[in-house]
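> Top line first, the protein sequences correspond to chains A and B. Each residue of the first sequence is one higher than the one before, starting from 1 at the first, in my numbering. Each residue of the second sequence is one higher than the one before, starting from 1 at the first, in my numbering.
In this list, chains with the same sequence are indistinguishable; a pair is considered to hold if it fits within one copy or across any two.
Derived pair list, reagent style SDA-like, types lysine to any residue, alpha-carbon separation capped at 25 Å:
1. 317 <-> 39
2. 317 <-> 41
3. 172 <-> 7
4. 317 <-> 146
5. 317 <-> 136
6. 317 <-> 40
7. 317 <-> 45
8. 317 <-> 143
9. 317 <-> 93
10. 172 <-> 2
11. 317 <-> 144
12. 317 <-> 43
Keep in mind that the hints were calculated from the coordinates and are not lab data.
There are 2 protein chains.
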Amino acid sequence: MHTTLYPLSAAIRAAAAVGGSKETAGPLGAAILADPQNDDRFGTPTWEQAEAELQRRALNAALTRADFSPDDLDLILGGDLLNQCTASAYGLLEFAVPYLGLYGACSTCAEGLFLAAMATSGHAEAAAVVTSSHYAAAERQYRFPLEYGGQRPPTAQWTVTGSGAFIVTPAKAAPAGAPRIVDAMPGRVVEMGVTDANNMGAAMAPAAIDTLTRYFTATHTTAADYDLILTGDLGREGSALLCELMEAESLPIADRHRDCGLLIYDCRADDRHAGGSGCGCSAVVLAAHILPRLERGDLRNILFLATGAMMSPDSVKQGLAIPAIAHLIHLRGGNTK
Amino acid sequence: MHTTLYPLSAAIRAAAAVGGSKETAGPLGAAILADPQNDDRFGTPTWEQAEAELQRRALNAALTRADFSPDDLDLILGGDLLNQCTASAYGLLEFAVPYLGLYGACSTCAEGLFLAAMATSGHAEAAAVVTSSHYAAAERQYRFPLEYGGQRPPTAQWTVTGSGAFIVTPAKAAPAGAPRIVDAMPGRVVEMGVTDANNMGAAMAPAAIDTLTRYFTATHTTAADYDLILTGDLGREGSALLCELMEAESLPIADRHRDCGLLIYDCRADDRHAGGSGCGCSAVVLAAHILPRLERGDLRNILFLATGAMMSPDSVKQGLAIPAIAHLIHLRGGNTK
Numbered sequence: 001m002h003t004t005l006y007p008l009s010a011a012i013r014a015a016a017a018v019g020g021s022k023e024t025a026g027p028l029g030a031a032i033l034a035d036p037q038n039d040d041r042f043g044t045p046t047w048e049q050a051e052a053e054l055q056r057r058a059l060n061a062a063l064t065r066a067d068f069s070p071d072d073l074d075l076i077l078g079g080d081l082l083n084q085c086t087a088s089a090y091g092l093l094e095f096a097v098p099y100l101g102l103y104g105a106c107s108t109c110a111e112g113l114f115l116a117a118m119a120t121s122g123h124a125e126a127a128a129v130v131t132s133s134h135y136a137a138a139e140r141q142y143r144f145p146l147e148y149g150g151q152r153p154p155t156a157q158w159t160v161t162g163s164g165a166f167i168v169t170p171a172k173a174a175p176a177g178a179p180r181i182v183d184a185m186p187g188r189v190v191e192m193g194v195t196d197a198n199n200m201g202a203a204m205a206p207a208a209i210d211t212l213t214r215y216f217t218a219t220h221t222t223a224a225d226y227d228l229i230l231t232g233d234l235g236r237e238g239s240a241l242l243c244e245l246m247e248a249e250s251l252p253i254a255d256r257h258r259d260c261g262l263l264i265y266d267c268r269a270d271d272r273h274a275g276g277s278g279c280g281c282s283a284v285v286l287a288a289h290i291l292p293r294l295e296r297g298d299l300r301n302i303l304f305l306a307t308g309a310m311m312s313p314d315s316v317k318q319g320l321a322i323p324a325i326a327h328l329i330h331l332r333g334g335n336t337k
Numbered sequence: 001m002h003t004t005l006y007p008l009s010a011a012i013r014a015a016a017a018v019g020g021s022k023e024t025a026g027p028l029g030a031a032i033l034a035d036p037q038n039d040d041r042f043g044t045p046t047w048e049q050a051e052a053e054l055q056r057r058a059l060n061a062a063l064t065r066a067d068f069s070p071d072d073l074d075l076i077l078g079g080d081l082l083n084q085c086t087a088s089a090y091g092l093l094e095f096a097v098p099y100l101g102l103y104g105a106c107s108t109c110a111e112g113l114f115l116a117a118m119a120t121s122g123h124a125e126a127a128a129v130v131t132s133s134h135y136a137a138a139e140r141q142y143r144f145p146l147e148y149g150g151q152r153p154p155t156a157q158w159t160v161t162g163s164g165a166f167i168v169t170p171a172k173a174a175p176a177g178a179p180r181i182v183d184a185m186p187g188r189v190v191e192m193g194v195t196d197a198n199n200m201g202a203a204m205a206p207a208a209i210d211t212l213t214r215y216f217t218a219t220h221t222t223a224a225d226y227d228l229i230l231t232g233d234l235g236r237e238g239s240a241l242l243c244e245l246m247e248a249e250s251l252p253i254a255d256r257h258r259d260c261g262l263l264i265y266d267c268r269a270d271d272r273h274a275g276g277s278g279c280g281c282s283a284v285v286l287a288a289h290i291l292p293r294l295e296r297g298d299l300r301n302i303l304f305l306a307t308g309a310m311m312s313p314d315s316v317k318q319g320l321a322i323p324a325i326a327h328l329i330h331l332r333g334g335n336t337k
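Isolated chain A, as found in the complex (with noise of 0.2 Å):
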């Protein structure tokens, strides 16, 4: 049933956010690093050249907290939602570091982590790992132009317009409070049939379940074994489909479990309906909110599953239902055993 481990040896020296108007003035705001303009244009022309603008940004703030310059990277790992990947292309250009480019709709931040681990345990001495989104962007090549007005159903979810970068390099390199990466398990494409691209949870809960039952298997552990179990974005429906499922599976999570969509916005309050999602909302929520908190001690061991819902607008218009992702990545607290 695919139950290899990947033992690694990495930790995260540095991470950091940038995000929007609205995820800055969100419960975790006072982490992200915010656009002085606020318009949520970051200085540029367009919404997708603002995506890119912020991978920028990230990656430039958390080079700065590393105390590195873009020649001590070996690899960036870059990767968002919009056509071709084009915000990672283009807002990564200038650092002319070694680029490898992925997609995994909203789990690409783990898989980046994944691979900048797997490097940086054996092959490279730092890589980065940059993922995006941007609500405006995100509307008009999904669904419609802001413009247009569409109402969006209780189900839907917000794009969070955000980027989060990260500066993994072997463990052994670190300082000995960076969080660690100590193992981490890649997701398999899962289809259970849903075909409603305004119910993402309800598609990538499924994928969620099929990461978490192996890793546990592999490891024969059980959500106690840790203190946190956080998934990307299944938002409120795919969350409570998660927890209800995995309960139903006698491998109960509902006491550990949190999901960086319903973290960085105050949902109800907000009208931000199920909550956020994007290649940018796991990845804040990680580099502002969870990763000083390991660094704190307020947690010492997590579990990260990076969840991604890997339709296109041409697939859901063609009929197809939602195939999805979720890749899980193992985080110690760099001064916990």
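Fit chain B to the known structure of chain A by using the hints.
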């Protein structure tokens, strides 16, 4: 200048290429698996699903040649040209193997081989790489639906309908004759101001030059040390630029250089303009034509440099220049020292 070289110890245990009607009628057609109906639909109702089916068939064929079942694979690395990489997500769904989606435009085959070789040089027992493109799906996504009958300029390339799949294992676990991946150098994103989406060769040639010169510097070698320097899909325009500019750098390669985009079609006879392109182009030529020559000993020591133009239709309409990339894989015949 980022001359980090990745020493690797992986082998390509088996490979397979599937192609459309024009590819199987081309100079390499005898080694490319065809659609029995020969209508480029591969038994599906849409061009997009046909591309997914290309990937499914290519991976099945490669698994059969490797005498592997999907359960023998630890990872699949897949990518294509469709928005949100849906050919890979749908085409590789049934294998139920942990999946990492990649986007490097037409460079994706080499990006996948690099990551698969890294994974199997220490972390995994076997990984598959699958990439594809489909002429009709790419035309309507990037340019015009075929029914429109748009005129193509002479510098335009023809998107290959095809998929190549590769089974990568640690070198020590592979049969003696299997071609070896001995090292690799991932590419940097390079953008030299080319805005003409009908001349991707010109946009990609500088990326190929960047990677190749960094590689020659890191290895203290020149073209004379290799039997073949194979680029992915620079086509006629890009190949001429590459050879001319390498000559100007006093690193001549013309007598060793070939391009997959010029090998797959008899371009002048077939009206394929400047040659083939697409994620399927270099994958099909490598799987169908080059790896068998490495196995037979016709070739012993080659550089495979897949190139990609990472614009999207939106970035072109918004007036941005084309960012490009080239990833290098160094291959040796299995029986070669």
